[in-house]
Amino acid sequence: MKLVSFRSNAGQRVGAVIGDIVVDLNAVLGEGALPGDMVAFLGAGQAAMAKAREAIEQFRGGDHRDAGRDLSKVNLLAPIPRPPKIMMGGRNYERHLTELRSTGEPIPKPPYPRIFAKYHTAVTGPRSPIYYPKMVTQLDFEGELTVVIGKLARNVKESDWLDYVAGYTIVSDVTARDIQATGELITSKNFETFCPMGPWIVTPDEVPDPHELTVRLYINDKKVSESHTSEMIYRIPQYIAFLSQVMPLEPGDVLTTGSPPGPGMYQNPPLLLQVGDVTRIEVERIGVLENPVCSVDDQRRQR
Numbered sequence: 171m172k173l174v175s176f177r178s179n180a181g182q183r184v185g186a187v188i189g190d191i192v193v194d195l196n197a198v199l200g201e202g203a204l205p206g207d208m209v210a211f212l213g214a215g216q217a218a219m220a221k222a223r224e225a226i227e228q229f230r231g232g233d234h235r236d237a238g239r240d241l242s243k244v245n246l247l248a249p250i251p252r253p254p255k256i257m258m259g260g261r262n263y264e265r266h267l268t269e270l271r272s273t274g275e276p277i278p279k280p281p282y283p284r285i286f287a288k289y290h291t292a293v294t295g296p297r298s299p300i301y302y303p304k305m306v307t308q309l310d311f312e313g314e315l316t317v318v319i320g321k322l323a324r325n326v327k328e329s330d331w332l333d334y335v336a337g338y339t340i341v342s343d344v345t346a347r348d349i350q351a352t353g354e355l356i357t358s359k360n361f362e363t364f365c366p367m368g369p370w371i372v373t374p375d376e377v378p379d380p381h382e383l384t385v386r387l388y389i390n391d392k393k394v395s396e397s398h399t400s401e402m403i404y405r406i407p408q409y410i411a412f413l414s415q416v417m418p419l420e421p422g423d424v425l426t427t428g429s430p431p432g433p434g435m436y437q438n439p440p441l442l443l444q445v446g447d448v449t450r451i452e453v454e455r456i457g458v459l460e461n462p463v464c465s466v467d468d469q470r471r472q473r
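For the sequence shown, our numbering assigns the number 171 to the initial residue and increments by one for each residue that follows.
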């Protein structure tokens, strides 16, 4: 099942994608049958998932055909527009560590999963612009397989990790490299629109093993990186077990699994983003997250 958040005349909605159609779940089941907010939907647990599957079956059976909308015409939001927490994995691919070491800095393998934070104000959706701030001179992006937490998790055993996963999505970790170079990691990662997410949440039944997926990064249809999630240093069970000892993980929390090798800053020569570029991240079995890079002046004009 592919779950989306979208905006309609009735406000924010939760839907499911079938082929090139978005099914408005509450338009099938009746208004109020399911929360319209994805965090609340996930918080409702397996009962909400079961109702969503019931709505899909009804739609496939020919009922409520007016609940379907053309995917290309739907205003998709980030699948979780306002996550409770955005936990960003870092330095989690050995080849990426090799890239970082090529700058001359001795970088050891992290003794624990390396985590930093993005905030919900950085989140934007699929197809939505990444705005290039005026104070930034080196704009880069990274494409990461991302885990969505489905229920409250504390002190989880590695063997139980999958019980706490609602599904998977994609996050583009946009970064102001010139600001990161000054030591300001959090600032460099948290400009508005620096966390594109989507296009949907794919439930675990459609992803037999998230550690066996190809990840490709493109700028303007030019492939700039290809890697595989089997190359992770710390795998998802280790992330969830570690983090759930540090803090409660909540429904709707998102956890990225680290940048694969190939961010633009570490290409030879560096390949940084410019206004007019389009970034595309493809993760096998998950989908495609595409975002144009636009001038911040365009953002101001739209307000």
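Hint data in this document are derived by calculation from the structure and do not stem from the laboratory. Careful: at least some of the hints might be erroneous.
Claimed, not checked - With a Cα cut of at most 25 Å, we get these calculated PhoX-like pairs of lysine-lysine:
id: 1; residue 1: 172; residue 2: 255
id: 2; residue 1: 243; residue 2: 327
id: 3; residue 1: 321; residue 2: 221
id: 4; residue 1: 327; residue 2: 392
id: 5; residue 1: 172; residue 2: 243
id: 6; residue 1: 279; residue 2: 243
id: 7; residue 1: 321; residue 2: 172
id: 8; residue 1: 279; residue 2: 221
Because the structure is a prediction, the values reported are computed rather than measured.
Quiz item: Are the Cα atoms of residue 243 and residue 327 separated by 25 Å or less?
Solution: Judged against 25 Å, a Cα distance of about 43 Å means the pair is violated.
Exercise. Would you mind confirming whether the straight-line C-alpha gap from residue 321 to residue 221 stays at or under 25 Å?
Key: holds, 17 Å
Exercise. Starting from residue 172, check that the Cα of residue 255 is at most 25 Å away, please.
Key: With Cα atoms ~21 Å apart, residue 172 and residue 255 stay inside 25 Å; holds.
Quiz item: Going straight from one Cα to the other, do residue 279 and residue 221 come out at no more than 25 Å?
Solution: Since the Cα atoms of residue 279 and residue 221 sit roughly 44 Å apart, the hinted pair is violated (cutoff 25 Å).
Quiz item: Given the hinted pair residue 172 and residue 243, is their alpha-carbon gap at most 25 Å?
Solution: Holds, at roughly 17 Å.
Self-check item: Straight-line alpha-carbon gap residue 321 to residue 172, limit 25 Å
Solution: holds, 18 Å
Quiz item: Holds or violated: are the alpha carbons of residue 279 and residue 243 at most 25 Å from each other?
Solution: violated, 45 Å
Practice problem: Starting from residue 327, check that the Cα of residue 392 is at most 25 Å away, please. | Solution: violated, 41 Å
Going down the numbered hints, you'll see the structure goes against 2, 4, 6, 8, while the others check out.
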